[in-house]
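Protein chains in written order, with my numbering: chain S, 37 to 218; chain X, 290 to 867.
Be aware that a few hints might be false.
[Said to hold, decoys possible] What the simulated footprint calls covered on chain S by chain X, stretch by stretch (three residues with Cβ under 8 Å from a Cβ of chain X suffice, anywhere in the stretch; the number is not a length):
(1) 108-115
(2) 174-180
[Claimed, not checked] Below, a list of computed lysine-lysine pairs in the DSBU-like style, where the Cα atoms sit at most 35 Å apart:
(3) K190/S / K447/X
(4) K787/X / K68/S
(5) K427/X / K65/S
(6) K640/X / K71/S
(7) K460/X / K90/S
(8) K65/S / K432/X
(9) K68/S / K460/X
(10) K90/S / K447/X
(11) K190/S / K640/X
(12) K578/X / K65/S
(13) K71/S / K804/X
(14) K341/X / K90/S
(15) K71/S / K809/X
(16) K640/X / K90/S
(17) K627/X / K71/S
(18) K645/X / K190/S
(19) K787/X / K65/S
(20) K190/S / K787/X
(21) K432/X / K71/S
Hints in this document: simulated from the structure, not taken from any laboratory. Ideal placement from N, C-alpha and C gives every residue a C-beta, glycine not left out.
Okay, here's what each chain looks like letter by letter:
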Amino acid sequence: MTANKLASDMMNGHQSGDERFSVIDRTMKRFKYEKDSLLEVLNSAQETFGYLSKDLLFYISNQLQVPMSRVYGVATFYHMFTFVPLGEHNCIICKGTACHVKGADRIINAISEEFCVNAGETTSDNLLSLNIARCLGSCGLAPVVVLDGEVSGKQTPEAVTNRIREIISISKEINAEKVEAG
Amino acid sequence: MNSQNLEEIGKKENNRQKQYKRRIFCCTSTACLSAGAGQTFSTVNQSVSACKCAENEAEVVQTGCMGLCSRGPMVRVDYRDGESTLYGNVSPEIAQLIIAHHLPIEGKDSEIERSSGDVASPHDMLHFRASLREARGKKGLEKYIIPTDLPFYSKQVKVVLNEIGQINPNKIEDYLAHGGYKALTYVLENLTPEEICDEILHSGLRGRGGAGYPTGQKWHFVRQEDSRPKFVIVNGDEGDPGAYMDRTVMEDNPHRVLEGMIICAYAVGATNGYLYIRGEYPIAIDRVKNAILAARRHRILGNSVLGTDFSFNAEVRIGAGAFVCGEETALINSVEGKRGMPRIRPPYPSKSGLWKAPTVINNVETMANIPSIINRGASWFASIGTEKSKGTKVFALAGQLRNTGLIEVPIGITLRDIVFEIGGGIPGDRDFKAAQTGGPSGGCIPSEFLDSPVDYESLTRLGSIMGSGGLVIIDDSTGMPGFARFFMDFCMDESCGKCVPCRIGTVQIRSLLDKIISGKGVAEDLVKLENLCKLVKNTSLCGLGQSAPNPVLSTLRYFNHEYQAIVQPSLPVSSGND
């Protein structure tokens, strides 16, 4: 019975019918559902969903036939996996040695203060996540900041907070329009 | 596909390149991209196509790092007759100035309306032509020219970085045109596996990941193992903050790494290999994957490599952000899909590595040295460097310096040459304070040792390590206890938790540093700090814990006065002598 259920799970993918699960299914298929492919599968899941929900981890555990304890153990070991969704905008500050020497902390403090968010957290209105990167390897251009995927070097606290203020106010307008329209 | 075919492809590409009067190289490496190279590249492309000159007038080439990252984005214009001009800080506006300076604008605007452009719409073309004409009269381009006889360039010796900045990393033909895969075809046709290992051993090449173990020796060990299968792993998990040598090599010349890896596989008898790349390096992952596909198409990878009976397959494995995975046994666990925790050695990976099979695991830069050693001979390689450390080393030069970027220098060069000649000295009226090598596993070297040679032994003697090649220069505005705490923070976070000294020791060192920096420390705390550091260093399981105290120990050694200045004198009884 269980075996049958598992077989049908493998055939049909996730019961929710969410298309994104098929991306993960493809990754698992490529690795012939080998248990050793867990890290690759988690990478693909993180990339597809943006974070690893409990449901997602259970799904992977079930499909690969790896105990949930191990899936969770591996997922929590690596920094790149996150377990809560990101805010609408994501600001990553590089805190590598070169960026540290060139004042990355001042940028982090300026953002924390103005937008009331700690590093590694998301604002209560869900508009901004502030994250720290180990080293983005653009050390020649330190300090480096990634705002919504766009990498820029030689940043100052003022320049970064100005840009964040801008994109947040645009988002607020759009959201307000949505509320009005809705 | 055999070696002759490869040579022909290379020749054909060479001839194709020679038909262009000028070739315009745009750096699109990660560092330049973060300075806006993406826009610069598309402006160059659009401007060139808007010039409407004959096909053979110019080719725009997307290439890799040209070294001087602090002046990015960089663009270089090479003429067929050998003339070459390098430009730095090339914003889209400057890119137009450059094109207007080097290229004629042909045809009539009225004709543009009718023909549609390749990269831009007719409307945009006209717009670009107008801006180019306007740019032509403008002056001021000179200050963007970077003289290539700067010490930044003339003091360097390029081996690993040789083709970087000259080739398009996404085109295997370009690598072939620059003599790529010649070393592989040579060893397949002329050398036995044993001879290859000997050649590498005689070259004196040592692992570039940090530990400096003789590469040829490692290969011999794996070659002599009887059990099958065997594996080759390329360690591209460059986790040191402040280091991006391996990323640049993988991004900008992935085929060189692959070639080294395949030669290694042939030499040790491996059939499968993995390139383990940091998840934080998406461009490197893409380009290495591309290179693998191209190599497969050309039968350089796969069953019967280049028509011989040697078969080898390579795959990419993506790391997910764990510094400890740079340690070889932790990396092996990670490739196996487990938590990246180190294993107890022995047995060493050469005996029992990936899936308990004999495994060679070498750093990206080590592998990238292999083709040159085969092509130019072990004695040539051994002629560069010092008695015990041969060849060159790539450093990511960063911090408080005029010129920062990626450099390759002969091992044994003095720190002074790197800082003041290549790096151009400290900007402003600040003074040099220390050079930090080896990232969180290394130490700080003060100014009195500026004249010591940079090699494995000397750096270890000074309490630092060669490391993977991060070299961060700090000036007198940085306080050392705080700097040491920065690295301890890092190691504390990255400790995998397997062994007690590292897991608990790093936390305790960190809290002692906190106490001292906040001014609540007493003189005894410094003694306690040093003892604790030595304990962690001597009793940790893997390289992470064994080297984590280095930044603290080296600053305690050379900048002791900074610690003394912030601790309270001993209480309640003074030691008497001071």
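Status of the hints after comparison with the structure:
1. 108-115: The restraint on the region 108-115 of chain S holds, since 5 of its residues have a Cβ under 8 Å from chain X and three suffice.
2. 174-180: Three-residue rule met by the region 174-180 of chain S, so holds; n is 6.
3. K190/S / K447/X: Distance of about 28 Å is within 35 Å: holds.
4. K787/X / K68/S: holds (31 Å)
5. K427/X / K65/S: Since the Cα atoms of K427/X and K65/S sit roughly 59 Å apart, the hinted pair is violated (cutoff 35 Å).
6. K640/X / K71/S: holds (24 Å)
7. K460/X / K90/S: It is violated: about 42 Å lies between the C-alpha atoms, which goes past 35 Å.
8. K65/S / K432/X: violated (56 Å)
9. K68/S / K460/X: holds (31 Å)
10. K90/S / K447/X: violated (50 Å)
11. K190/S / K640/X: Violated: K190/S and K640/X sit about 47 Å apart, past 35 Å.
12. K578/X / K65/S: holds (19 Å)
13. K71/S / K804/X: Violated: K71/S and K804/X sit about 46 Å apart, past 35 Å.
14. K341/X / K90/S: Violated, at about 57 Å.
15. K71/S / K809/X: Violated, at about 51 Å.
16. K640/X / K90/S: Violated: K640/X and K90/S sit about 39 Å apart, past 35 Å.
17. K627/X / K71/S: Given pair K627/X, K71/S holds - Cα atoms ~10 Å apart, limit 35 Å.
18. K645/X / K190/S: violated (46 Å)
19. K787/X / K65/S: Since the Cα atoms of K787/X and K65/S sit roughly 33 Å apart, the hinted pair holds (cutoff 35 Å).
20. K190/S / K787/X: Cα-Cα ~38 Å, so violated.
21. K432/X / K71/S: violated (58 Å)
In summary, the numbered hints that this structure violates are 5, 7, 8, 10, 11, 13, 14, 15, 16, 18, 20, 21.
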